[in-house]
Structures are given as C-alpha cells and as structure tokens.
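All chains should be modelled from the sequences, with the hints used to inform the complete structure.
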Amino acid sequence: MSILLSGAGAHQLPEPVVARFAGAAATRSGHVGVVVDGAQGQELLDELTARLGVAGQVEVEAFRLVPGEPLALPDDPGRLSGIVITDVDGAALLSSLGEQRRPLARAIRGGLVYLGLGAGARLVAKHAIVSGSLAGGRRVADEASGDGELVVADGLAVIGTTVETSTDTRHRLERAITAVITSPASYAVALDEGVTLLVDPVSGAFDALGDGIVQWVHSDGGDVRIRRTRAVAFPATNQDTPAAGETTPSPNPAGVNPSSSAIGEAT
Numbered sequence: 001m002s003i004l005l006s007g008a009g010a011h012q013l014p015e016p017v018v019a020r021f022a023g024a025a026a027t028r029s030g031h032v033g034v035v036v037d038g039a040q041g042q043e044l045l046d047e048l049t050a051r052l053g054v055a056g057q058v059e060v061e062a063f064r065l066v067p068g069e070p071l072a073l074p075d076d077p078g079r080l081s082g083i084v085i086t087d088v089d090g091a092a093l094l095s096s097l098g099e100q101r102r103p104l105a106r107a108i109r110g111g112l113v114y115l116g117l118g119a120g121a122r123l124v125a126k127h128a129i130v131s132g133s134l135a136g137g138r139r140v141a142d143e144a145s146g147d148g149e150l151v152v153a154d155g156l157a158v159i160g161t162t163v164e165t166s167t168d169t170r171h172r173l174e175r176a177i178t179a180v181i182t183s184p185a186s187y188a189v190a191l192d193e194g195v196t197l198l199v200d201p202v203s204g205a206f207d208a209l210g211d212g213i214v215q216w217v218h219s220d221g222g223d224v225r226i227r228r229t230r231a232v233a234f235p236a237t238n239q240d241t242p243a244a245g246e247t248t249p250s251p252n253p254a255g256v257n258p259s260s261s262a263i264g265e266a267t
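267 is the number that the UniProt record's numbering gives the last residue of the sequence shown; the numbers go up by one with no jumps.
FYI, nobody ran anything at the bench for these hints, they're computed from the structure. Note that beta-carbon positions come from the ideal geometry of N, C-alpha and C, so glycine has one too. Hints may be right or wrong, so weigh each one.
[As the list claims (entries may be wrong)] Label-pair ranges, simulated between beta-carbon atoms:
(1) A50 to T27: 17 to 23 Å
(2) H171 to R230: 17 to 23 Å
(3) A91 to R138: 19 to 25 Å
(4) G68 to E149: 21 to 27 Å
(5) G53 to R225: 42 to 48 Å
(6) G68 to D220: 38 to 44 Å
(7) V54 to S29: 14 to 20 Å
(8) A233 to T27: 22 to 28 Å
(9) A233 to V54: 18 to 24 Å
(10) A153 to A72: 20 to 26 Å
Written out as structure tokens, the structure is:
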C-alpha cells in the first residue's frame, strides 16, 4: 500500500511507519521529497532525514513551503519515489500547489509512495479538513487546531473519505462529525495520534495500524453513525502484508470507498 496517513507529528512518528515508507521508496529510485514549513521546518527536516536514512537507502530533497509562493516540486512529481508532507499550514499548501495538485494526485495514484502527517494526511481527501476549531461559534476542536470556523476545501482527491487526525490528543472527533454534516463530505475517518492508515490508492483497501482508535463517521439523511475500531499493532515485518481484521472497505457506515466516485479524480 503506497499511502500512509498518520495521526502523529513527525516527532511521535513510530519507527515502523518510517521503515515502511523508506523501504517502499527504496524499491524505486530512493529519491524522496519532504515538504516542511519554510520558516520553522529545519529541525524537523533534519530529524526526518536522519530517520529515513537509517531506515532505508533514500536521498532526501527538501521542499520548503513559503506562503504566497509556488511549491517547487518537480514538474512531474512521479520522478520522485516518495514524498512526505508534514503538518504544515493546510491552506498555504493548497494555495502553493496551484496547478501542481493534479500531477501530484496522479503520481500518488500511480504509485508514488506518500506519507502524510497531520495536515499532510488530511489533504489527500476529496473534501479536506484544512483548519478551524469552531462551528457556528461552538468549539469542535482544541484551539491549536486553528483559529476561527471549520474550513473544508477541495483537497488532492486521491481518496474520497475525509480524514481527521489526532482525534484523541486534539479533541477533534466533533470536528470530523461537523465536516460530514456541513460539507459535501459524507464519510470521514478520524485517527488517534498513534494510528497510521495504510491505503491502496487504486482499490481503496486499508489497514489501520498502531496504537489507538479509528472512528468511521458517516452522515446519511441527517443521521450520523460512528463505528469505532481499534488499530492493529504493527507487525514485526516491514512488508505490507494484510493485518488482522478488516482489509477491505466496509460500506456500513464507511470504509475507504473503493468506487471511482469516492476515490476521486483530481480536478
């Protein structure tokens, strides 16, 4: 599975996640891009570079996000073997990507190994939670989740299910619920900080691995249903073998829907 979506920040990222990403990227060219905040991301970049270097034969190239400036990704992101998008400012990233959204999404669907952390995990969705801790003036997440009202915007549309992260530590379950009630999103998956979701970009099949809870949120005709499952502990091997439990999408209330309309095409 070539998409890894983590509820953890880079400092808390479990070693098995780093190893899976680096191992998968090393089977290609080993050239990995890491998107970090242009002003404050150097320490984070140094840490990720060191950890990826230990985990696999990869070469890291930094892409620094500067609000208002285009993100300097290759014209064909598929020339990279993997990309890590850290917990940067989501609105700034979407703006800086501009017309690069479509080729980046196409590359991910084509096998570019993707690791999203925080905002990087949320923005792969068709309807992406960008920021905000309020809904109609009522708090739906902690203040660190962003000032002002909840913002849901067009994401990369690699998967159809909206993603929420750090549900336990940032109290964001209600933000995920609000997203499926008030936005075009019908489905959301809310990940605890210690959970990583592995997604196949073609079939939509998933494994939820790590330590914590996964909550599948579905809005249907005004009713909201939530299904809670516990993530499966990381296996000892770094191979992407199916973990115990669900390995295919569940339509009731929602897995990562494998239909083309749910997975979505970047527009």
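Right, here's what the structure says about each hint:
1. A50 to T27: 17 to 23 Å: 21 Å Cβ-Cβ, so the 17 to 23 Å window holds.
2. H171 to R230: 17 to 23 Å: Taking Cβ atoms as reference, H171 and R230 lie about 19 Å apart, which means the hint holds.
3. A91 to R138: 19 to 25 Å: holds (22 Å)
4. G68 to E149: 21 to 27 Å: holds (22 Å)
5. G53 to R225: 42 to 48 Å: holds (44 Å)
6. G68 to D220: 38 to 44 Å: holds (40 Å)
7. V54 to S29: 14 to 20 Å: holds (19 Å)
8. A233 to T27: 22 to 28 Å: holds (24 Å)
9. A233 to V54: 18 to 24 Å: holds (22 Å)
10. A153 to A72: 20 to 26 Å: With a Cβ separation near 22 Å, A153 and A72 satisfy 20 to 26 Å, so the hint holds.
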